[in-house]
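Residue numbering for the sequence shown follows the working numbering, beginning at 2 and increasing consecutively.
Don't take each hint at face value.
Unchecked claim - Lysine to any residue pairs mimicking SDA-like chemistry, simulated, CA-CA at most 20 Å apart:
| id | residue 1 | residue 2 |
| --- | --- | --- |
| 1 | K233 | G62 |
| 2 | K71 | T98 |
| 3 | K233 | T118 |
| 4 | K29 | K233 |
| 5 | K177 | P166 |
| 6 | K16 | R68 |
| 7 | K29 | G182 |
| 8 | K177 | V116 |
| 9 | K177 | G218 |
| 10 | K233 | V58 |
| 11 | K16 | G232 |
| 12 | K29 | D215 |
| 13 | K233 | E59 |
| 14 | K71 | H45 |
| 15 | K16 | W61 |
| 16 | K256 | V58 |
| 17 | K71 | A35 |
| 18 | K71 | T118 |
| 19 | K16 | E204 |
| 20 | K16 | Y103 |
| 21 | K16 | R230 |
| 22 | K233 | D134 |
| 23 | K16 | H46 |
| 24 | K16 | Y32 |
| 25 | K16 | P57 |
| 26 | K177 | T118 |
| 27 | K16 | A203 |
| 28 | K177 | R187 |
| 29 | K29 | D211 |
| 30 | K233 | K256 |
| 31 | K16 | D211 |
| 32 | K256 | R246 |
| 33 | K233 | W138 |
| 34 | K71 | T88 |
Treat the hints as calculated values from the structure; they're not laboratory data.
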Amino acid sequence: MPRATLDEERHFLNKWQMYLAMQDAQPKGLYLPATCLLSQATPHHFEQAPSWYIKPVETWGGNLISRVTKVASDTWTLQPIVGTALTFPRAADVLSTLLTMYLPEQTIAQQAAPVLTLSGRPFDVRVLCQRDDDDAWLVAGHLARVGAENSIVSNIGTGHGEVMPTQRLLQQVYQKRELSGRVLRRLRRISLAICHILDTYAEFDEVGIDFGLDSHGRIWLFEVNTNDRLGKPSHELFLHLPNRRIYDEIEHRAKRREERWFRQLLRDVERHHR
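Could you build the full structure based on these sequences and the hints that come with them?
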């Protein structure tokens, strides 16, 4: 498997490159859904799992995502993020339609992980990591996003979802309190491990990671989003929590980082003109 390649122009790893990076140095306790480039997929790929998500590698916010699901031995459905589901008799027919829909834009097919829902609604846990004043990574905050009942994603915009505190969601999906505590500790540990993996590619300031959870408390990776030249992981999600203290701390930490970066830039310019 080739090593991931940083996009130097945008200064980020797209969804395919991020998968390669995580597969190359997979943190202990993290599960990765099977993923391949749509251009290299075959009908046999789709037969290996009952459901797949189709994602352009540079999409964000759940935009342009579709889900392919085998609903019977001779029936497949293709559900776009917006619009009516299409039905096909064979995986080959689904793949042909997907290639027409998405190519030539680079796109991945990602196995739908065997994760829990909240009363049939998809959810994920977003963990936001930031660097502190000593450049060390810390978990700045976490929350749960729960999509609408008929949504294929949990995003607030495209999935018409809502935000709730992570602990409240864990209490609803796990009956055992000790399991909820273990899952939360694992989320923190794995998130920091992902940040350290990314350190080998570039010096990012913020990392937003989306996880799914299964009935055994296993943690599945959905997405990893970093700051880049077009933006950064959402801070505004944390405004939806009952207490805005976490949001204020995230914003304050980011502002200090920006001010520090600007002061360093001025020093570099001054040295250059001496």
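Now the hints, each set against the structure:
1. For the hint pairing K233 with G62, the CA-to-CA distance comes to about 12 Å; that is within 20 Å, so the pair holds.
2. For the hint pairing K71 with T98, the CA-to-CA distance comes to about 15 Å; that is within 20 Å, so the pair holds.
3. Our distance criterion of 20 Å between C-alpha atoms is broken by K233 and T118, whose separation comes to about 27 Å.
4. With a C-alpha separation of about 26 Å, the suggested pairing of K29 with K233 is violated against the 20 Å cut-off.
5. Restraint check for K177 and P166: satisfied, since their Cα atoms lie roughly 18 Å apart, inside the 20 Å limit.
6. Distance restraint check for K16 and R68: the Cα-Cα separation of roughly 16 Å lies within the 20 Å cut-off, and the hinted pair is therefore satisfied.
7. For the suggested pair K29 and G182, the alpha carbons sit about 18 Å apart, so the restraint of at most 20 Å is met.
8. Our distance criterion of 20 Å between C-alpha atoms is met by K177 and V116, whose separation comes to about 17 Å.
9. Only pairs whose Cα atoms come within 20 Å are accepted, and K177 paired with G218 is accepted, the gap being roughly 11 Å.
10. Restraint check for K233 and V58: satisfied, since their Cα atoms lie roughly 16 Å apart, inside the 20 Å limit.
11. The straight-line distance between the Cα atoms of K16 and G232 is roughly 16 Å, inside the 20 Å bound, and the hint therefore holds.
12. Distance check on the hinted pair: K29 and D215 sit about 16 Å apart at the alpha-carbon level, within 20 Å; holds.
13. Annotation: proposed proximity of K233 to E59 holds, straight-line Cα distance about 14 Å (limit 20 Å).
14. The hinted pair formed by K71 and H45 meets the criterion: a straight-line CA distance of about 13 Å does not exceed 20 Å.
15. With a CA separation close to 10 Å, the supplied pair K16 and W61 stays within the 20 Å bound.
16. Simply put, K256 and V58 have alpha-carbon atoms about 29 Å apart, too far for the 20 Å limit, and the pair is violated.
17. With a CA separation close to 16 Å, the supplied pair K71 and A35 stays within the 20 Å bound.
18. Between K71 and T118 the alpha-carbon distance is near 19 Å, which keeps this suggested pair within the 20 Å criterion.
19. A C-alpha spacing of about 18 Å is found between K16 and E204, which places the hinted pair at or below 20 Å, so the restraint holds.
20. Restraint check for K16 and Y103: the C-alpha separation of about 15 Å stays at or below 20 Å, so the hint holds.
21. Of the supplied pair hints, the one linking K16 and R230 holds, its CA atoms being roughly 16 Å apart against a limit of 20 Å.
22. Taken as a hint, the K233 and D134 pair is honoured in the structure, with Cα atoms around 19 Å apart against an allowance of 20 Å.
23. For the hint pairing K16 with H46, the CA-to-CA distance comes to about 19 Å; that is within 20 Å, so the pair holds.
24. Between K16 and Y32 the alpha-carbon distance is near 16 Å, which keeps this suggested pair within the 20 Å criterion.
25. Restraint check: the Cα-Cα separation between K16 and P57 comes to about 8 Å, which is no more than 20 Å; the hinted pair holds.
26. A threshold of 20 Å between alpha carbons decides the hint, and for K177 with T118 the separation of about 17 Å falls inside it, so the pair holds.
27. Annotation: proposed proximity of K16 to A203 holds, straight-line Cα distance about 16 Å (limit 20 Å).
28. As the CA atoms of K177 and R187 are separated by approximately 16 Å, the hinted pair is consistent with the 20 Å bound.
29. A C-alpha spacing of about 17 Å is found between K29 and D211, which places the hinted pair at or below 20 Å, so the restraint holds.
30. Restraint check for K233 and K256: satisfied, since their Cα atoms lie roughly 13 Å apart, inside the 20 Å limit.
31. A C-alpha spacing of about 13 Å is found between K16 and D211, which places the hinted pair at or below 20 Å, so the restraint holds.
32. Between K256 and R246 the alpha-carbon distance is near 15 Å, which keeps this suggested pair within the 20 Å criterion.
33. Using a Cα cut-off of 20 Å, the hinted pair K233 and W138 holds, with the two alpha carbons roughly 16 Å apart.
34. For the given pair, K71 sits about 10 Å from T88 by alpha-carbon distance, which is consistent with the 20 Å threshold.
Checked against the numbered hints given earlier, this structure breaks hints 3, 4 and 16; the rest are met.
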